[in-house]
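Protein chains in written order, with the numbering used here: chain U, 665 to 948; chain G, 30 to 411; chain C, 18 to 307.
I should point out that these hints are in silico values taken from the structure, not numbers from a laboratory.
Keep in mind that this is a model prediction, so the values were computed, not measured.
Keep in mind that the hints are not guaranteed to be accurate.
As the list claims (entries may be wrong) - Cut-off 27 Å, straight-line C-alpha distance, at most; resulting in silico cross-link-like pairs (DSSO-like, lysine-lysine):
1. U:Lys-762 x U:Lys-863
2. U:Lys-800 x G:Lys-248
3. C:Lys-181 x C:Lys-96
4. U:Lys-746 x U:Lys-762
5. U:Lys-925 x U:Lys-888
6. U:Lys-800 x U:Lys-863
7. U:Lys-800 x U:Lys-784
8. G:Lys-310 x U:Lys-746
9. G:Lys-183 x G:Lys-310
10. U:Lys-888 x U:Lys-921
11. U:Lys-746 x U:Lys-863
12. U:Lys-746 x U:Lys-784
13. C:Lys-134 x C:Lys-279
14. G:Lys-310 x C:Lys-134
15. G:Lys-183 x U:Lys-762
16. U:Lys-800 x U:Lys-762
17. G:Lys-310 x U:Lys-800
18. G:Lys-310 x C:Lys-181
19. C:Lys-96 x C:Lys-178
20. G:Lys-310 x U:Lys-784
21. U:Lys-746 x U:Lys-925
Said to hold, decoys possible - Derived, one-sided and incomplete: chain G residues facing chain C with beta-carbon distance under 7 Å:
22. Leu-113
23. Leu-182
24. Gly-184
25. Ala-193
26. Glu-196
27. Val-200
28. Asn-204
29. Val-319
30. Met-351
31. Pro-366
Using N, Cα and C, we set each Cβ at its ideal position, and we do this for glycine too.
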Amino acid sequence: MSNEKKKHRSVLVQVETPNLIPERDLGTIPVLQAEHLGIDFGGLTAVDDFNIAMGRTEISGLIGPNGAGKTTIFNLLTSVYKPTRGTVLVDGYDTAGKSVAEVNRMGVARTFQNIRLFSKMTVEQNVLVGFGNTMKTHLVTDMLRLPGHWRQEAEFHDRALELLDIFDMRKYADTQAGNLPYGAQRRLEILRALATSPKVLLLDEPAAGMNPAETEELMENIQKIRDEFQIAILLIEHDMSLVMGVCEVVGVLDYGKIIAKGTPEQIQNDPRVIEAYLGKQGVK
Amino acid sequence: MSEKRPIISTGGRGPAAGGARRTLPMPARYAINAIVVLVLLVLGELMISGGAINRYQSTVLEQVGIYIILAVSLNIATGYLGQLPLGHAGFMSMGAYGCSIFIIRMSEFLGVGARDFVTGTPMAFLIVIGGLIVGGLCAAIAGIIIGIPALRLKGDYLAIITLAFAEIIRVVMLNIDDVLGFELTGGAAGLTGIPGFSSFLLVFGCVAVVCFLIHTMMKSRHGRAILAIRDNEIAAEATGVNTTYYKTLAFVVSAFFAGVAGGLYAGCVGVLQPAVFGFMKSIEILVMVVLGGMGSMLGSAISATVLTILPEALRAFSEYRMIAYAVVLIIVMIFRPQGLLGSYDFSLSRIIERVMNRDFPWRKRNDAPADTAEEKEVSADV
Amino acid sequence: MFITQVLNGLQLGSIYALVALGYTMVYGIILLLNFAHGDIIMVGAYVSWLVMAQLGLPPVLAIVLSVAACTLVGVLIDKVAYAPLRNAPRLSILITAIGVSYFLENGAQLVFGADAKVVPAYTDLTTVQVAGLTLSFPSVLTVLVTIAATVALTLVVQKTKLGKAMRAVSEDMGAARLMGINVNSTISFTFAVGSALAGIGAVLYAMAYTQANPTMGMMLGTKAFVAAVLGGIGSIPGAVVGGLLVGFAEVFVNAIGLSVWKDAVVFLLLIIVLVVRPTGIFGRTMSEKV
Numbered sequence: 665m666s667n668e669k670k671k672h673r674s675v676l677v678q679v680e681t682p683n684l685i686p687e688r689d690l691g692t693i694p695v696l697q698a699e700h701l702g703i704d705f706g707g708l709t710a711v712d713d714f715n716i717a718m719g720r721t722e723i724s725g726l727i728g729p730n731g732a733g734k735t736t737i738f739n740l741l742t743s744v745y746k747p748t749r750g751t752v753l754v755d756g757y758d759t760a761g762k763s764v765a766e767v768n769r770m771g772v773a774r775t776f777q778n779i780r781l782f783s784k785m786t787v788e789q790n791v792l793v794g795f796g797n798t799m800k801t802h803l804v805t806d807m808l809r810l811p812g813h814w815r816q817e818a819e820f821h822d823r824a825l826e827l828l829d830i831f832d833m834r835k836y837a838d839t840q841a842g843n844l845p846y847g848a849q850r851r852l853e854i855l856r857a858l859a860t861s862p863k864v865l866l867l868d869e870p871a872a873g874m875n876p877a878e879t880e881e882l883m884e885n886i887q888k889i890r891d892e893f894q895i896a897i898l899l900i901e902h903d904m905s906l907v908m909g910v911c912e913v914v915g916v917l918d919y920g921k922i923i924a925k926g927t928p929e930q931i932q933n934d935p936r937v938i939e940a941y942l943g944k945q946g947v948k
Numbered sequence: 030m031s032e033k034r035p036i037i038s039t040g041g042r043g044p045a046a047g048g049a050r051r052t053l054p055m056p057a058r059y060a061i062n063a064i065v066v067l068v069l070l071v072l073g074e075l076m077i078s079g080g081a082i083n084r085y086q087s088t089v090l091e092q093v094g095i096y097i098i099l100a101v102s103l104n105i106a107t108g109y110l111g112q113l114p115l116g117h118a119g120f121m122s123m124g125a126y127g128c129s130i131f132i133i134r135m136s137e138f139l140g141v142g143a144r145d146f147v148t149g150t151p152m153a154f155l156i157v158i159g160g161l162i163v164g165g166l167c168a169a170i171a172g173i174i175i176g177i178p179a180l181r182l183k184g185d186y187l188a189i190i191t192l193a194f195a196e197i198i199r200v201v202m203l204n205i206d207d208v209l210g211f212e213l214t215g216g217a218a219g220l221t222g223i224p225g226f227s228s229f230l231l232v233f234g235c236v237a238v239v240c241f242l243i244h245t246m247m248k249s250r251h252g253r254a255i256l257a258i259r260d261n262e263i264a265a266e267a268t269g270v271n272t273t274y275y276k277t278l279a280f281v282v283s284a285f286f287a288g289v290a291g292g293l294y295a296g297c298v299g300v301l302q303p304a305v306f307g308f309m310k311s312i313e314i315l316v317m318v319v320l321g322g323m324g325s326m327l328g329s330a331i332s333a334t335v336l337t338i339l340p341e342a343l344r345a346f347s348e349y350r351m352i353a354y355a356v357v358l359i360i361v362m363i364f365r366p367q368g369l370l371g372s373y374d375f376s377l378s379r380i381i382e383r384v385m386n387r388d389f390p391w392r393k394r395n396d397a398p399a400d401t402a403e404e405k406e407v408s409a410d411v
Numbered sequence: 018m019f020i021t022q023v024l025n026g027l028q029l030g031s032i033y034a035l036v037a038l039g040y041t042m043v044y045g046i047i048l049l050l051n052f053a054h055g056d057i058i059m060v061g062a063y064v065s066w067l068v069m070a071q072l073g074l075p076p077v078l079a080i081v082l083s084v085a086a087c088t089l090v091g092v093l094i095d096k097v098a099y100a101p102l103r104n105a106p107r108l109s110i111l112i113t114a115i116g117v118s119y120f121l122e123n124g125a126q127l128v129f130g131a132d133a134k135v136v137p138a139y140t141d142l143t144t145v146q147v148a149g150l151t152l153s154f155p156s157v158l159t160v161l162v163t164i165a166a167t168v169a170l171t172l173v174v175q176k177t178k179l180g181k182a183m184r185a186v187s188e189d190m191g192a193a194r195l196m197g198i199n200v201n202s203t204i205s206f207t208f209a210v211g212s213a214l215a216g217i218g219a220v221l222y223a224m225a226y227t228q229a230n231p232t233m234g235m236m237l238g239t240k241a242f243v244a245a246v247l248g249g250i251g252s253i254p255g256a257v258v259g260g261l262l263v264g265f266a267e268v269f270v271n272a273i274g275l276s277v278w279k280d281a282v283v284f285l286l287l288i289i290v291l292v293v294r295p296t297g298i299f300g301r302t303m304s305e306k307v
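So that you can see chain U by itself, here it is in the shape it has in the complex (with noise of 0.2 Å):
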């Protein structure tokens, strides 16, 4: 961290479209921001000049058609892929370069389309994993058994649970993650972000498999994050009623472009939108 310290923060690109940003979140440096942002695989192009700048306490949504890249720009905004053009900014820092983990301790975290527990540890367990960048103790501490460790562990294992508790989790804390119903699995990919105490968490299709009730029940939870740990919310999703109801800004991909963003009455309403998903005989 202090490396990162040291470095002026870029200055930032202009916003292409400033006032999608809540009003309660102008003045501050935008949480995360894109620009221009594009990836070439084998010369074909699976997403280009996206663009997007994230007030610190949104909540925005990502819809479009099967493999328009939406996971891709996930991908983009952890590093996991490098991006073949733009750039990404964590709180104004540019993570080019940066691995995963460090754009993780920039404030980036995510989920998973498809569940990446720790399947064979414990849900305290994958918690703790979540805060290991907070724990302080150096390894000699831990192997001797020095009074630091024992605090240390004392204090996360109370905070595991505190946390455990958001999503009333912590009557599995001793239970093998992999061995959770699914439900309770995509909770606790979510926990398990929120403890590396992130600025912006990246949710992968947080709705998938859930019904109606369940996805209902999602939508709360992801408000009462926000509004709980002020931190900004990026999603992808499937589920329309999930994205109209609980994001601030929606944006729209296809064919790896952004083709329409807004506020989710403005998307609804928007032909090219409809036109992506129905065709062109849905605008008629």
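Following the hints, put chains G and C in place on chain U, whose structure we already have.
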């Protein structure tokens, strides 16, 4: 948090319903384990000095201890980190040579005779401890040198690069004296004149210390990071785990302890030849880990014990021993790929706590996982 | 002198290449580092010894039976040890492969003893005249056979239906199965072809070094694997180029009088290549989808 409403209601039945579990305080746990270890060590030593265990048997016991250290140290990289290094014997030989050369030179320098190592004067003891640490460090340095390039690779590539590195170490040990004119390793003829410093107490003292240190590392944030990498490397990275650092750490710690075991081995057999530390030795250690259960220290220790004692007991059938090894390995992989004990690990404190809580396996348990089925039902109902 | 060294390099490299082809094919299709592949060569060499030295049968029969035995052993190993683990973690299959290798080596030691057996010469012809030069016949034959085998293999993989099936399975096993390809028989075919090449390699090796011992396959196999990795695993031209590279490197180190270091040099070469270009010379990158 104003309201803690669960996404899915589970009816509020949790383990707390049965009242708080009685637990042992941490210091008590460590004290109990320490006492048990001490008692076992003293008991063993008494049996040896009393003649209940003869000289040959105690040598076999020392070998058992050495292989336990080798197996539990390889288990860090295999069971916990989930990689497959095939060059553990290379680290062992680095340790063996490093330790022996240090001890030979130091005892010359300080005028400590070979006799002193057997009787165990304080100076000799200090030299031995120093030698074991030097051996461990030599192996750890080798671990860093190979770990940094190797750990960028996955699976088979890592296996083959470590195998290659161990072979290089072997060739270097074999030829370094001729080429550079040193008198270090003794080449193919072997390094002789190593005082027989290994003893039951020293070896099993080291076993206890090594097991303790591995245990404490794994039950800390460092160990959790290593386990996370094994379970899902991509998720671990996204969760902020510096995968390069922790992979290297696991690898180096694994190498260090293999080096210590190598040092003890040198003190046990008294002569070192590069040929001993070939690919076959690496495989022998790997077999112990795999059979015992990858990720289980107890499993590694048990199979190291059995696989060291059994061939000694069955000397008449030594020709078939290697074939039996191979067949058992294949069969275990096909029918029980997680090893005999899986990732189960023994905890004395856990057993005591169970007794304290009268929570016996034959009683029906009322634990959190029982809720799993219920929740599934609920979510299906909605 | 120089010509002899070059020919030696070509000969050794060709043998490595033939064995490396087997590694590359099996790895390409089921992502398995078949540790037992080197030991299949040992089986071939012993069969040649059995047929010629023990049974006194003609060399042609020895060659045919060696190749047949290797093919059979290769397919058998897959059926018995690897097929039950098709969906198991990679680590388990790899350890099984090590177990199989261990089994073959120690089995041979039990049956034939630890000391080396002398394989009689397959032919009385020791030299040939090419363009006024006197060249070693085994060397020339080895190079020619390797060229022929590589061309044949390339044709099989590129032109035949089975080759197409092999490529499909290596690309995506699940999709290939859905397309109606019999995955198991395709894998068996791959093992058969790879092991047959190892059988040819065994005959050529026995021709050059005239001996068989239980652990001969280990070092040979490991170096051939090095060759496959150098060239880029999964690539047929890569295996050949890698094999030649390793062969030449060894012959060169021998020629400058550092023969005791030749194993170290080969392995060092491997480490350097893996560090600089992990996918090898002709390899393609494979990454996990996030």
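Status of the hints after comparison with the structure:
{"no.": "1", "hint": "U:Lys-762 x U:Lys-863", "in the structure": "holds (17 Å)"}
{"no.": "2", "hint": "U:Lys-800 x G:Lys-248", "in the structure": "holds (15 Å)"}
{"no.": "3", "hint": "C:Lys-181 x C:Lys-96", "in the structure": "holds (22 Å)"}
{"no.": "4", "hint": "U:Lys-746 x U:Lys-762", "in the structure": "holds (9 Å)"}
{"no.": "5", "hint": "U:Lys-925 x U:Lys-888", "in the structure": "holds (24 Å)"}
{"no.": "6", "hint": "U:Lys-800 x U:Lys-863", "in the structure": "holds (20 Å)"}
{"no.": "7", "hint": "U:Lys-800 x U:Lys-784", "in the structure": "holds (24 Å)"}
{"no.": "8", "hint": "G:Lys-310 x U:Lys-746", "in the structure": "violated (42 Å)"}
{"no.": "9", "hint": "G:Lys-183 x G:Lys-310", "in the structure": "holds (23 Å)"}
{"no.": "10", "hint": "U:Lys-888 x U:Lys-921", "in the structure": "violated (31 Å)"}
{"no.": "11", "hint": "U:Lys-746 x U:Lys-863", "in the structure": "holds (21 Å)"}
{"no.": "12", "hint": "U:Lys-746 x U:Lys-784", "in the structure": "violated (30 Å)"}
{"no.": "13", "hint": "C:Lys-134 x C:Lys-279", "in the structure": "holds (24 Å)"}
{"no.": "14", "hint": "G:Lys-310 x C:Lys-134", "in the structure": "holds (25 Å)"}
{"no.": "15", "hint": "G:Lys-183 x U:Lys-762", "in the structure": "holds (21 Å)"}
{"no.": "16", "hint": "U:Lys-800 x U:Lys-762", "in the structure": "holds (22 Å)"}
{"no.": "17", "hint": "G:Lys-310 x U:Lys-800", "in the structure": "violated (39 Å)"}
{"no.": "18", "hint": "G:Lys-310 x C:Lys-181", "in the structure": "violated (41 Å)"}
{"no.": "19", "hint": "C:Lys-96 x C:Lys-178", "in the structure": "holds (22 Å)"}
{"no.": "20", "hint": "G:Lys-310 x U:Lys-784", "in the structure": "violated (30 Å)"}
{"no.": "21", "hint": "U:Lys-746 x U:Lys-925", "in the structure": "holds (25 Å)"}
{"no.": "22", "hint": "Leu-113", "in the structure": "holds (6 Å)"}
{"no.": "23", "hint": "Leu-182", "in the structure": "holds (6 Å)"}
{"no.": "24", "hint": "Gly-184", "in the structure": "holds (6 Å)"}
{"no.": "25", "hint": "Ala-193", "in the structure": "holds (4 Å)"}
{"no.": "26", "hint": "Glu-196", "in the structure": "holds (5 Å)"}
{"no.": "27", "hint": "Val-200", "in the structure": "holds (4 Å)"}
{"no.": "28", "hint": "Asn-204", "in the structure": "holds (5 Å)"}
{"no.": "29", "hint": "Val-319", "in the structure": "holds (6 Å)"}
{"no.": "30", "hint": "Met-351", "in the structure": "holds (4 Å)"}
{"no.": "31", "hint": "Pro-366", "in the structure": "holds (4 Å)"}
Consistency with the previously given hints fails for numbers 8, 10, 12, 17, 18, 20, ordered from lowest to highest.
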